[in-house]
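With the hints as extra help, turn the sequences into a complete structure.
From first to last, the protein sequence lines are chains A and B. Counting from 1, position 112 in the first sequence corresponds to residue 112 in this note's numbering; the numbering is continuous, with no gaps. Counting from 1, position 31 in the second sequence corresponds to residue 31 in this note's numbering; the numbering is continuous, with no gaps.
Errors might be hidden in some of the hints.
Intra- or inter-copy, both count: the list cannot distinguish identical chains.
In silico DSS-like pairs for lysine-lysine, Cα to Cα no more than 30 Å straight-line [said to hold, decoys possible]:
| id | residue 1 | residue 2 |
| --- | --- | --- |
| 1 | Lys29 | Lys253 |
| 2 | Lys36 | Lys108 |
| 3 | Lys112 | Lys253 |
| 4 | Lys381 | Lys400 |
| 5 | Lys198 | Lys289 |
| 6 | Lys235 | Lys381 |
| 7 | Lys287 | Lys31 |
| 8 | Lys403 | Lys36 |
Don't read these hints as lab results, they were simulated from the structure.
Given next are the chains, with one letter for each unit.
There are 2 protein chains.
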Amino acid sequence: MSFLAPHEQLERIKFGTAEFINDEEMLKKLKRSKEKNQPLKIKFGADPTRPDIHIGHTVVINKLKTFQELGHHIHFLIGDFTAMIGDPSGKNATRPMLTREEIDENAKTYAKQIFKILDPEKTEIVYNSTWINKMTPADMIRMSAQYTVARMLERDDFTKRYKTGVPIAIHEFLYPLTQGYDSVALKSDVELGGTDQKFNLLVGRDLQGAYGLEAQCVLTMPILEGIDGIHKMSKSLDNYISVVDSAKEMFGKTMRISDDLMYRWYELLTEITPAALAQLKLDVSEKRKHPRDVKVNLAKFLIKRFHSEAAAAAAEEEFQRIFVNKGMPDEIPVFEVFAESQLGVCALMVRAGLANSNGEAGRLISGGGVQRDGQKLADPKMRWDLKSGESFILKAGKLKFVKVVVK
Amino acid sequence: MSFLAPHEQLERIKFGTAEFINDEEMLKKLKRSKEKNQPLKIKFGADPTRPDIHIGHTVVINKLKTFQELGHHIHFLIGDFTAMIGDPSGKNATRPMLTREEIDENAKTYAKQIFKILDPEKTEIVYNSTWINKMTPADMIRMSAQYTVARMLERDDFTKRYKTGVPIAIHEFLYPLTQGYDSVALKSDVELGGTDQKFNLLVGRDLQGAYGLEAQCVLTMPILEGIDGIHKMSKSLDNYISVVDSAKEMFGKTMRISDDLMYRWYELLTEITPAALAQLKLDVSEKRKHPRDVKVNLAKFLIKRFHSEAAAAAAEEEFQRIFVNKGMPDEIPVFEVFAESQLGVCALMVRAGLANSNGEAGRLISGGGVQRDGQKLADPKMRWDLKSGESFILKAGKLKFVKVVVK
Numbered sequence: 001m002s003f004l005a006p007h008e009q010l011e012r013i014k015f016g017t018a019e020f021i022n023d024e025e026m027l028k029k030l031k032r033s034k035e036k037n038q039p040l041k042i043k044f045g046a047d048p049t050r051p052d053i054h055i056g057h058t059v060v061i062n063k064l065k066t067f068q069e070l071g072h073h074i075h076f077l078i079g080d081f082t083a084m085i086g087d088p089s090g091k092n093a094t095r096p097m098l099t100r101e102e103i104d105e106n107a108k109t110y111a112k113q114i115f116k117i118l119d120p121e122k123t124e125i126v127y128n129s130t131w132i133n134k135m136t137p138a139d140m141i142r143m144s145a146q147y148t149v150a151r152m153l154e155r156d157d158f159t160k161r162y163k164t165g166v167p168i169a170i171h172e173f174l175y176p177l178t179q180g181y182d183s184v185a186l187k188s189d190v191e192l193g194g195t196d197q198k199f200n201l202l203v204g205r206d207l208q209g210a211y212g213l214e215a216q217c218v219l220t221m222p223i224l225e226g227i228d229g230i231h232k233m234s235k236s237l238d239n240y241i242s243v244v245d246s247a248k249e250m251f252g253k254t255m256r257i258s259d260d261l262m263y264r265w266y267e268l269l270t271e272i273t274p275a276a277l278a279q280l281k282l283d284v285s286e287k288r289k290h291p292r293d294v295k296v297n298l299a300k301f302l303i304k305r306f307h308s309e310a311a312a313a314a315a316e317e318e319f320q321r322i323f324v325n326k327g328m329p330d331e332i333p334v335f336e337v338f339a340e341s342q343l344g345v346c347a348l349m350v351r352a353g354l355a356n357s358n359g360e361a362g363r364l365i366s367g368g369g370v371q372r373d374g375q376k377l378a379d380p381k382m383r384w385d386l387k388s389g390e391s392f393i394l395k396a397g398k399l400k401f402v403k404v405v406v407k
Numbered sequence: 001m002s003f004l005a006p007h008e009q010l011e012r013i014k015f016g017t018a019e020f021i022n023d024e025e026m027l028k029k030l031k032r033s034k035e036k037n038q039p040l041k042i043k044f045g046a047d048p049t050r051p052d053i054h055i056g057h058t059v060v061i062n063k064l065k066t067f068q069e070l071g072h073h074i075h076f077l078i079g080d081f082t083a084m085i086g087d088p089s090g091k092n093a094t095r096p097m098l099t100r101e102e103i104d105e106n107a108k109t110y111a112k113q114i115f116k117i118l119d120p121e122k123t124e125i126v127y128n129s130t131w132i133n134k135m136t137p138a139d140m141i142r143m144s145a146q147y148t149v150a151r152m153l154e155r156d157d158f159t160k161r162y163k164t165g166v167p168i169a170i171h172e173f174l175y176p177l178t179q180g181y182d183s184v185a186l187k188s189d190v191e192l193g194g195t196d197q198k199f200n201l202l203v204g205r206d207l208q209g210a211y212g213l214e215a216q217c218v219l220t221m222p223i224l225e226g227i228d229g230i231h232k233m234s235k236s237l238d239n240y241i242s243v244v245d246s247a248k249e250m251f252g253k254t255m256r257i258s259d260d261l262m263y264r265w266y267e268l269l270t271e272i273t274p275a276a277l278a279q280l281k282l283d284v285s286e287k288r289k290h291p292r293d294v295k296v297n298l299a300k301f302l303i304k305r306f307h308s309e310a311a312a313a314a315a316e317e318e319f320q321r322i323f324v325n326k327g328m329p330d331e332i333p334v335f336e337v338f339a340e341s342q343l344g345v346c347a348l349m350v351r352a353g354l355a356n357s358n359g360e361a362g363r364l365i366s367g368g369g370v371q372r373d374g375q376k377l378a379d380p381k382m383r384w385d386l387k388s389g390e391s392f393i394l395k396a397g398k399l400k401f402v403k404v405v406v407k
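Right, dumping it as structure tokens:
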């Protein structure tokens, strides 16, 4: 293939990044790559202890895709060396020791997910145990001679822990170094990560210099906010969309985000250009486009990426049928209820304020005036198992809506 | 052999130490050793980059001798692992990288010197590369997980450097750890060192605990003052007696020390008991003994140890002949001169103030009135090569003495 002009490539590479270090070196690399018709080596490190990724993680993966589209070569690095050790200090329960089999299984899961975005042909999965395990104790000493204690303590989390007296074990200094040494072994040209990875990426850059190699450029991507629009997307905050969520879940969760967050997601999760994004904002603010439709398109984009075009179309259709064509208001009152087995539907309607009595509820159902998620209910005697986490829309008559959320 | 009672052993072990950690554990070890008729393993680490030892170093070696006399087994450890790496940060010119051959050569030199004190039969020379080089990167990580950054920074020199912004490379944290790991590999019962080694010895003690072994006891010996009586004995301060100094040099240097220092040297360098030392001090203070004679005995002890009984006797005899029988004053003026080739003896006498002219000097020599170190000079035309470092006494007539010191 022939490469785009270095400046054009750089513009696409830098779009949406939080920080890029640095233009001058990158242009030099891009020029040489084009002249020699040789792809650059792009490094991205993944933690094999957490194989399930959410769309927040895909912000960086989207940028890897850009590099692939520009013709470059991705090293998708599985940090199995550290994963196989676990945390030998025994203090960090979140870093368990994994077996070779677990790591391979996690790597497969990870690959399956990222290959919904990346081209497997242009992606090489590498394991850092390949070279780290070959190091001798003398190699380890030489590696750790390249970095000072003071610089390591400058890393935000270390600074905080050292100041507050929370112990830092010495091997924790060796992890960023081995991770940086990966860049030496791979001779990577660029390394990507979230802004929270900046320190580690710079260690790689520094170590390459110390080992007499050309230093890698460092690219950080912003951390995506979760559906609450406030906190970083994370599993523990339950404000995430998993890449293995169903099309319906993806659609529903995306429709819930704020308009501001919608633009942010467009920027970081789709392939929109800066100009197109500006136009979109203008169209909404001048009422040529309804924000709900813009959100629908975002949801469809995500479903298309992680499921299929057909699934995206089906999800939209269902949404239109239930929420739009049936005159669903923009704001639906939420009725929260605890999980319960065999709850009578009429009782639920009374509690949710959709009927004044079981009798009224029953008559409404029998008359065909009650829907659950757009489906007419037929039997007033039906009982439901309400399971924690599920939610659905109950509609009574033409105007009464309640979103039932089971806690 | 049968071992002495644990309490008796402990008393001999602790005599003259700066610090001992700790009695209770040691008694337990000594009891078990006696019951099982099994010697304890005593560890002493030597730096193979500096093979020439001075008598300051022998303070610890004397203590090793005590352990040998008590029936225990010495591991004389050559730290060749670190010596073969050198200082990979390139910042410490005093820690060059050594080849295998140089290390073996240094170890031989070292052994030759210590075996003037220690019994080779009860001394095992071991090299830490034997086990350190077998460690995998994962082993290194596990080892460094056992110690915290904060504790390492508590070491005096690290504290000072960190506070004043003098860089500490991370591998410098790994050296005390590998040194401590030696105690794990050797399963040592006791480790000895100078007071300046206390931190490192404690790392060994801690690491053994972390690896589920019984912790070693730690014994530190005071640092010996040099012949100036003020500074620690060291080559760079030129206030030392090397164990390979000639008998004459040893005698001369020892006779120069102060009376206070003389007692200190007795305590740390000879096999004197506390009671005998107290008696010696009393005898001197009550004028039953002349301090010069006490110093002569100290000098003879050192020469006996590092040369032979005959050499000690000869050195004393020469001293008596020149300095005592010939009416040498206690204080001789020193005349410093730069090294020079073929300097006429008469010119030197004039310069040194022993004669007013070359003619007078020549007449004195011809008349048999001039001596060099007690030997009469015969020829006024003789020329000497004055070499840097040498010194001798010139005597002209009955009363004029000068100590010529060549710079």
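Could you tell me which of the numbered hints above are not met by this structure, giving the numbers in increasing order?
1, 2, 5, 6, 7 and 8
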